[in-house]
Amino acid sequence: MTSADGTHLANASRASRKDARDAVVAARKAFGGWSGRTAYNRGQILYRVAEVMEGRREQFAARLVEAGGVTPAEAERTVSAAVDRWVYYAGWTDKYVQVLGGSNPVAGPFHNHSAPEPTGVVAVFAPQDAPLLGLTSVLAPVIATGNTAVVVTSEAAPLAAIELAEVLATSDLPGGVVNLLTGGAGEIGPHLASHADVNALDLTGAGEHAVEFERAAATTLTRVLRPGPEATGGEDAWIGVDPGTSRLTPFLETKTVWHPVGV
Amino acid sequence: MPVPHTASVPEATTDRALRAYLHGLPGVDEVGARARAQDLSTRSIKTTAKARAIDLAVSMVDLTTLEGADTPGKVRALCAKAALPDPTDRTVPHVGAVCVYPDMVAVAVEALRGTGIGVASVATAFPAGRAPMEVKLADTRRAVADGASEIDMVIDRGAFLSGDYLKVHEEIVAVKEACGDAHLKVILETGELVTLDNVRRASHLAMRAGGDFVKTSTGKVSPAATLPVTLVMLEAVRDHHAATGRRVGVKPAGGIRTTKDALRNLVLVNETAGPEWLTPDLFRIGASSLLNDLLMQRTRLSTGTYPGPDYYTQD
Numbered sequence: 001m002t003s004a005d006g007t008h009l010a011n012a013s014r015a016s017r018k019d020a021r022d023a024v025v026a027a028r029k030a031f032g033g034w035s036g037r038t039a040y041n042r043g044q045i046l047y048r049v050a051e052v053m054e055g056r057r058e059q060f061a062a063r064l065v066e067a068g069g070v071t072p073a074e075a076e077r078t079v080s081a082a083v084d085r086w087v088y089y090a091g092w093t094d095k096y097v098q099v100l101g102g103s104n105p106v107a108g109p110f111h112n113h114s115a116p117e118p119t120g121v122v123a124v125f126a127p128q129d130a131p132l133l134g135l136t137s138v139l140a141p142v143i144a145t146g147n148t149a150v151v152v153t154s155e156a157a158p159l160a161a162i163e164l165a166e167v168l169a170t171s172d173l174p175g176g177v178v179n180l181l182t183g184g185a186g187e188i189g190p191h192l193a194s195h196a197d198v199n200a201l202d203l204t205g206a207g208e209h210a211v212e213f214e215r216a217a218a219t220t221l222t223r224v225l226r227p228g229p230e231a232t233g234g235e236d237a238w239i240g241v242d243p244g245t246s247r248l249t250p251f252l253e254t255k256t257v258w259h260p261v262g263v
Numbered sequence: 001m002p003v004p005h006t007a008s009v010p011e012a013t014t015d016r017a018l019r020a021y022l023h024g025l026p027g028v029d030e031v032g033a034r035a036r037a038q039d040l041s042t043r044s045i046k047t048t049a050k051a052r053a054i055d056l057a058v059s060m061v062d063l064t065t066l067e068g069a070d071t072p073g074k075v076r077a078l079c080a081k082a083a084l085p086d087p088t089d090r091t092v093p094h095v096g097a098v099c100v101y102p103d104m105v106a107v108a109v110e111a112l113r114g115t116g117i118g119v120a121s122v123a124t125a126f127p128a129g130r131a132p133m134e135v136k137l138a139d140t141r142r143a144v145a146d147g148a149s150e151i152d153m154v155i156d157r158g159a160f161l162s163g164d165y166l167k168v169h170e171e172i173v174a175v176k177e178a179c180g181d182a183h184l185k186v187i188l189e190t191g192e193l194v195t196l197d198n199v200r201r202a203s204h205l206a207m208r209a210g211g212d213f214v215k216t217s218t219g220k221v222s223p224a225a226t227l228p229v230t231l232v233m234l235e236a237v238r239d240h241h242a243a244t245g246r247r248v249g250v251k252p253a254g255g256i257r258t259t260k261d262a263l264r265n266l267v268l269v270n271e272t273a274g275p276e277w278l279t280p281d282l283f284r285i286g287a288s289s290l291l292n293d294l295l296m297q298r299t300r301l302s303t304g305t306y307p308g309p310d311y312y313t314q315d
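So the sequences go chain by chain: A and B.
The working numbering applies: residue 1 is where the first sequence begins, and numbers increase by one.
The working numbering applies: residue 1 is where the second sequence begins, and numbers increase by one.
Simulated from the structure, these hints should not be mistaken for laboratory data.
Note that the structure is predicted; figures quoted are calculated from it, not measured.
Glycine is no exception: its CB is placed at the ideal position from the N, C-alpha and C atoms.
Heads up, a few of these hints could be off.
As the list claims (entries may be wrong) - Selected chain A positions facing chain B (Cβ under 7 angstroms, derived; list incomplete):
(1) Ala12
(2) Ser16
(3) Ser194
(4) Asp197
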């Protein structure tokens with residue numbers, strides 16, 4: 001990894017197909033436990049991520065300044081926004097079910113309820129040019145609802161992601177819930193996209209490969225979130241935007257229960 | 001290197017002769033056995049060789065269900081899977097046998113009729129083996145009468161560990177007789193035998209008493225089939241063949257869950273007993289969850305994409 005002016009910063013590992021394979025196995029193993037936790041507990045853990053991140057904000061800012069050629073002030077602003085985003089999704093963990101689910105009026109003697117449930121293992125292609133806030137913005141909503149994630153980080157600037165991995169590892173987040181792969185989307189992506197044990201894809205950072213990955217995903221009926229306009233706008237594209245529930249809903253499946261009443 | 005025999009197989013079966021024979025066997029170098037097993041487990045088997053090894057391993061699986069909660073329905077489902085492991089790919093070979101408790105033998109035999117797949121039944125008060133001799137023999141006879149083609153018996157570990165080799169020997173001989181035409185697999189329960197020296201002695205004792213297979217474990221005790229144990233047993237069958245000309249099979253069971261584990265066992269067979277043992281007639285793997293992993297690896301090789309466990313039946 002080199003800085004914007006070409007100085008050597010660090011060596012990052014280049015994840016291979018087999019790392020992706022192992023990551024999916026780890027994510028699948030963690031899914032039952034993570035999705036089975038109470039929403040409140042998931043919220044606590046996401047808050048904790050925000051807290052730990054806040055405590056290490058200088059390091060995060062330094063990573064962004066080194067890598068991206070941004071001013072320290074801009075970097076500070078990005079880190080603050082990333083911490084806020086974790087808090088934002090921590091708050092959603094015990095609220096999205098009420099907002100997205102509910103009881104449905106039906107013409108029959110039934111109680112009819114719908115509730116959103118996590119999809120499963122989600123492969124996330126994080127934005128290439130937004131290594132911290134972009135990564136946080138795509139990752140946090142996936143795990144907030146009880147999914148587990150395999151994330152392909154920004155290939156050119158993965159150091160902020162590694163910093164985040166340290167934060168996640170020390171925030172009570174169970175092992176396997178988030179698996180960060182530093183490497184090329186073009187190299188690892190096809191294997192994740194066609195993987196039958198991956199339930200959904202977030203193609204935000206897949207770039208030119210997005211269409212190819214979506215095709216591969218169709219074979220196993222994998223849910224796909226296509227890249228939006230923010231995908232290539234840098235960190236700025238993620239600041240000041242109210243994410244709403246737009247990134248929560250794509251990785252939820254609605255379960256509806258019909259329950260007879262009367263007798 | 002073959003272990004030199006210091007004692008030939010004795011004719012007379014007395015306690016003294018057995019003890020002299022078994023204690024005359026060369027000791028096992030535990031550190032060496034572990035190092036050898038570790039060394040062989042680093043062999044890399046890829047592409048076409050891997051595809052062949054996976055098919056061979058599938059044909060060697062003794063698809064097993066030995067739970068108190070077994071039902072006829074579950075046994076029938078297992079039999080259907082044994083005959084056609086992957087319904088989406090008919091080129092997958094069928095497994096070696098289905099292994100069930102004695103009371104499920106009739107169900108399994110009925111379900112496997114015409115498939116050519118044998119039914120193995122555990123017997124002799126599996127898994128503890130703590131029952132009177134008449135009960136063990138009745139257990140065996142009933143399973144054979146119901147159509148079991150293979151019997152997996154457990155040895156009396158208590159007798160073996162207290163040095164009563166003759167009792168263990170006589171039990172195996174009696175059960176072998178009760179088996180009739182059915183093949184006899186002798187479960188040593190190596191997890192309870194403590195040392196590899198004991199594993200070697202028990203293997204030779206079982207082979208000498210007429211066992212057609214030596215099997216590592218019941219699957220109910222941990223550790224089960226570790227590579228060093230399987231290595232020692234493979235050396236024993238190799239040496240027995242050299243001394244007597246009779247080929248005895250080996251069946252590791254318990255704890256073999258992944259394709260990698262299975263392939264490591266096949267490497268061990270090839271390098272220790274020799275390629276003659278690479279057949280379902282002389283090597284079996286007792287397992288339940290292994291088959292799905294083999295099928296997933298097979299799919300991965302043939303399609304190039306990673307399959308998921310949801311695409312295969314559970315038991």
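Against the structure, the hints:
Against a cut-off of 7 angstroms between C-beta atoms, the interface hint on A:Ala12 is violated, since the closest Cβ of chain B lies about 24 angstroms away. Annotation: interface hint on A:Ser16 violated; nearest CB of chain B at approximately 13 angstroms, more than 7 angstroms. Restraint check, A:Ser194 versus chain B: the minimum CB separation of about 4 angstroms is within 7 angstroms; hint holds. Contact between A:Asp197 and chain B, as hinted, is supported at the beta carbon level, the nearest pair being about 3 angstroms apart and thus within 7 angstroms.
Hints 1, 2 from the list above are not met by this structure, while the remaining hints are.
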